[in-house]
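Colleague: Heads up: the sequence lines are chains V and X, in that order.
Every position in the first sequence, counted from 1, becomes a number in the working numbering once 62 is added.
Every position in the second sequence, counted from 1, becomes a number in the working numbering once 26 is added.
Hints in this document: simulated from the structure, not taken from any laboratory.
In this text, all values refer to a predicted model and were calculated from it rather than measured experimentally.
Where is the CB? At the ideal position from N, CA and C, for every residue including glycine.
There's no promise every hint is true.
Just a sample of chain V residues kept apart from chain X, beta carbon distances all over 10 Å, derived [to be verified]:
1. L105
2. V116
3. D161
Using 30 Å as the maximum straight-line C-alpha spacing, the simulated BS3-like pairs for lysine-lysine come out as follows [what the hints assert, rightly or not]:
4. K395/X with K381/X
5. K134/V with K381/X
6. K90/V with K195/V
7. K157/V with K395/X
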Amino acid sequence: MPGIVCAVRGGPGSHATVDKAISLATQKGLTIYFLYVVNLDFLNRSTITRIHTVEEEMREMGEFILLTAQSKAEAAGAAAQGVVRDGVVSDEIVKLSADLHADYVILGRPRREGAENVFAHDQLARFVERIEKESGASVALTDPGSGQ
Amino acid sequence: MNRALRFSFVFALLLAGAFLVMAHEQPLLAQTTTPQAQIVGTVHDRQNQPIARADVQLRAEGSEEPLAETRTQPDGTYKLQFPAADAAPRILSVQVQRSHFAGQTLPLESGQVSRLRAGETVALPDLTLLRRVGLAFWIATLLFVLMLVLIATGKLHNTLASLFSAALLLGISYLGGAVSEDFFVFDFSGAVRYVDWNVIFLIMGMMIVIAVVERTGIFQWLAFFAYRLSGGRIWLLLAVLMVFTGIASALLDNVTTMLLMVPITVQISMALGMNPLALLLPEVLASNVFGISTLVGTPTNILIGSYAHLSFNDFLKNQTPGVLLAMIGLILYTEYVYRRELRSSGQISPVLLAKLEEGARIREPGHLKKVGWVGLGMLVLFVTGEQFELPPAVTALLGATALLLWIQPNIEEMIEAVDWTTLVFFITLFIVVGAIQEVGLISFIADFIGALVGNNLVLTMLVIIWFSAVLSTVIPNIPFAAALLPIVTFLSTTVPGADNKVLFYCLSVGAAMGGNGSLIGASANMVTAGIAERAGYPITFNYFLKKGFPAMLLTVALATVWLLVRFLVIG
């Protein structure tokens, strides 16, 4: 099922990514798959054992964030669905794109210098290459200041 | 080994540990009291604190073997049985030896010896032992500082850092001690004696209760109820959310409260089209402030309450009014700081409202009812338990067991809910802090602070509150409070007017409210920042500092005013 994969985190940083996905979807007549990844790495340093409960709450929050993006897309006349997954953000973007045989993947560029993830300046090109190689989708990048 | 078995095993091990320590104390307490002649006395240190487990021997000049020997009690007293058969006219003396102290010898006067031989009891003057700074002192001090640094910098997990220091202390004491006595800090039973089992069992019991409560969905329902109650007025929503979060933090732990309140608060804010940080920051600040209003609200209160024998009622009577005053100040402060963000229409689209309602439903109403009854029973026992000398740990265990029996949840999930790493952290922390007490570092610091504040109670209160508040913004407050407790105990006995335990409340205010001063000041802050970041609203160190530090100054100042009024004016 072809479409556009757009990973969102919520907040102002995701606005440009969501807008780009909506614009592309209306142009091409494709469905957007908004993706939210539940990642509890921030609990690594805390002694939290009730991971299951926290995960459920984060999932609820993710669904809500996706619902706001879906509402925006539908208001603009684009079809949109929300997908919540657990794991590492970069891996889940690749997996969902491959699973859906997506046409496009919309990625944001890092907002701040020195971000230590695949969205960092020095790693973004390699990540784009990986997505295109493993899923066959084309990657579209938004302006700096956007993306998950 | 399956989880249920592992739970039973660890639980039994904890119980066995506690009883072993108590049993170990018995021989010390049970000294023979035959009606023969005795030498009695007391041994204490320079701060007039009793010295327990000091070796006391009655020696005769020219004799290798002691005539009698015993060890001092926890209150520093000793009783030496004078051997009836010893009639030879010899010069006698009492020798006192204790690790990390310079030994002392007190020669007996001829009149005292004659009275002993006549079968009378002789009371000797109090003996003061002076601290000896040796290799063990530096080993314990370095390992304590290393633990603090490892925790503060995040190089090691809290539990691993304290476990590392405790294990190294014991390893060096045994292996190094075999080579030279200078390496010896304390033996295993000496180390375990510093563990406060009341704290361990109270935390464990409360963890089980919290695990049941959090599944009911009550937190999410409360947050949504706050929205309903506010009727779309955001300034009111902010105040109601702060009060709800505060009350939950006073009865449960702050981290759990924030873990469950933050996601639903983010959703409400997003639905209202406002910046979630305008609600999240006030919530976590309220959590850290209101948590100290009860004995079980924060780990530092649990530590302080157990150490100073402060009951649930003591906190309600002496701390809660100050906390309420600080909360009023905090609400007004946050309303002012976030006044721009609070300008929202208060309208939510029907789709988002439906989603919010769905997420905020009570998931287990039957369980919630049972939790309510058991919680009420626990509250009654916490409040009235003092009359039956019921330790809070027993109340927590009774409540936890009642819930488990009544609700019969999946026991494996309940076992997973008990945060064993935190319990190990506390056990090993007690050992590491016990080591610096054992070698005398705490005494030296107490001496220094005692000299600094003199006999001035107001100055002492201000020093403890503000010193602990400022340090708690950068140093983890649990090990810090644990280390300060013996110092506060010393000051409570030396500073005139401090025997009403006011200084312990000062420590409670400083150590917990100080956590609002920076992002790393409290675990609840870090958890809130973590979830907010996952929602696309990162809380930077500077952002938190800018909003939190003034809040910390304001709330600590208001709580200080209350403590001064409560203990100096009302009396």
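Colleague: Each of the hints needs a verdict: does it hold here or not?
Modeller: For each hint, the structure was consulted:
{"no.": "1", "hint": "L105", "verdict": "violated (7 Å)"}
{"no.": "2", "hint": "V116", "verdict": "violated (5 Å)"}
{"no.": "3", "hint": "D161", "verdict": "holds (23 Å)"}
{"no.": "4", "hint": "K395/X with K381/X", "verdict": "holds (25 Å)"}
{"no.": "5", "hint": "K134/V with K381/X", "verdict": "holds (15 Å)"}
{"no.": "6", "hint": "K90/V with K195/V", "verdict": "holds (22 Å)"}
{"no.": "7", "hint": "K157/V with K395/X", "verdict": "violated (43 Å)"}
In the structure shown, a violation is registered for the earlier hints numbered 1, 2, 7, in ascending order.
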